[in-house]
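Here's the letter readout for the chains.
Number of protein chains: 2
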Amino acid sequence: MDSNVTIQRPLYLGIDGGGSKCKATILDANDNLLGTGIAGPANPFQNYQQTIISIVESAQLALSDTNLANSELNQLIAGIGLAGVNVPSIFNKMSQWQHPFAQMYLTTDLHIACLGAHQGLDGAIMITGTGSCGYSYIDGQATIIGAHGFPHGDKGSGAWFGLQAVKNVLLSLDGIEEPSLMNQAMLAHLECRTGLDLVEAVAKKPATFYAQLAFLVFDAAVNKDSLALTIIEDGASYISTVGRQLCDKHSFRMSMIGGLSNKIFAYLDQDVQYKLSLALRAPEFGAVIYAKQQTPLGR
Amino acid sequence: MDSNVTIQRPLYLGIDGGGSKCKATILDANDNLLGTGIAGPANPFQNYQQTIISIVESAQLALSDTNLANSELNQLIAGIGLAGVNVPSIFNKMSQWQHPFAQMYLTTDLHIACLGAHQGLDGAIMITGTGSCGYSYIDGQATIIGAHGFPHGDKGSGAWFGLQAVKNVLLSLDGIEEPSLMNQAMLAHLECRTGLDLVEAVAKKPATFYAQLAFLVFDAAVNKDSLALTIIEDGASYISTVGRQLCDKHSFRMSMIGGLSNKIFAYLDQDVQYKLSLALRAPEFGAVIYAKQQTPLGR
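Read top to bottom, the protein sequences are chains A and B. Numbered per this note's numbering, the first sequence finishes at 1186, counting up by one with no gaps. Numbered per this note's numbering, the second sequence finishes at 1186, counting up by one with no gaps.
Here chain A stands alone, though its shape is the one from the complex (with noise of 0.2 Å):
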């Protein structure tokens, strides 16, 4: 914190919780930024209880980090963007926690990501991280396209990237398809010396480890590899296609965000980058956002 910022009081919270972190930022009411918290998993899709706790340590966190007393909780007013809560009943589940906030208004993960890229504005974001999805919000009404999961869904991200990989490679190694660059960097990369270990070393995996996985894809096409360039147009394709379907009747701004943008974007049709733009504000600024839009104080 900048002691030199007359902290204006209320004090707004801003949580981006995932199947990975919880991001946890403190603003005044002058949106100055006075600390920030990172804690462990909170989707509450995939659990509950494990979500409260992130969100609360991540807050605490972002409160120690102010140089505010952990009871200084209760005078936040928390906007709190979860994955997993665009499911009804798993709303409905975080609604009625009994949370330790001043207030709390809750929303999904895409809601505050969209409203911290287009600071506040109407607008559509694509997500090309571990998952994929497309998402927009204009004149109050979301809409969202994918985010179906893994293993059926979520094409176009680094966790279908990977299985599309390790797919292709295991056929490969069989002489099911044509070999590819793809296989003896993958055996490399994981320490397996035939298609039997790579076997074994892929069981059971979630999404993350096939997300770390979809580089080999990328690095494999910049050497011209057939099968791994068929992989990016086919994903690449797909995330065109979405944002082609985002923005068809309207026009605002939409951004691409996620750990995969950057390696995606080259391969993705030639409107629809012309059509991206840079994300604004990161997610957590979004949830904040989200709280003042819902508070006639922070209007």
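The hints are all genuine.
Since the list gives no way to pick out one identical chain from another, each pair is judged satisfied if it fits inside one copy or across any two copies.
With a cut-off of at most 30 Å between alpha-carbon atoms, the simulated DSS-like pairs for lysine-lysine come out as follows: (1) K1150 with K1054; (2) K908 with K1150; (3) K980 with K1054; (4) K980 with K908; (5) K1111 with K1150.
Worth flagging that the hints you see were computed from the coordinates, not collected in a lab. Keep in mind that this is a model prediction, so the values were computed, not measured.
Let chain A serve as the given structure and place chain B on it in line with the hints.
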């Protein structure tokens, strides 16, 4: 047991263990069927402790069916075929089991299925059940194609068909893919109203869940649904390729077994259809054949 048959000792126990159940069969030295038993899962790659429990339990049930006491376990010469033991570390762990039998001869579920299908002679099998793979045993040499597992492999299997169905239905409900007869059929079958309900219904489900959705693809194909026909063409073409690769250089019997065999047969390439013969005996008989092949007594 037919009480008119004179039991010729030694007694043989055939075990066919997999991810859903463990089947035991007791035969006498003249191959007379004395008794059978079925217990829980027996895939040591998934759960070692459960596997040895299931093997012993199924053997005790088979003894009881034979009107013999549990104390006779140590009289049985056991041929045991298990899923998962194609992985060397798992094979070694199972081999070190302090089993209660007179002898234990361990091999893969694929090997005993192949021995059963061709009554101990060299040959090949294709399995299309929950999972898929091709296997041949020629001149003492086993060859495996596939058996990669879910969700990254097992193309053409029940789980694979179910996964493709879910994947395509979700894209279709999002308007990314054309409408399909599978859409309403799947929503109805899983008691879902919307795509979001469906996302919730399929989250974190195992291969067996997906395998139970395979019928939706074949039902829709009967009614000329183009998405379903495309999926089946893709899966069946892989199975045909595996079949062709298995019997490329050799002339021997080949059989197709597993719960999806009857459905997929009609979609295989004609040369592969012609190549297929009926499986002569069940895998648990193949396990006894294996035990007899390993013991001088049984030859």
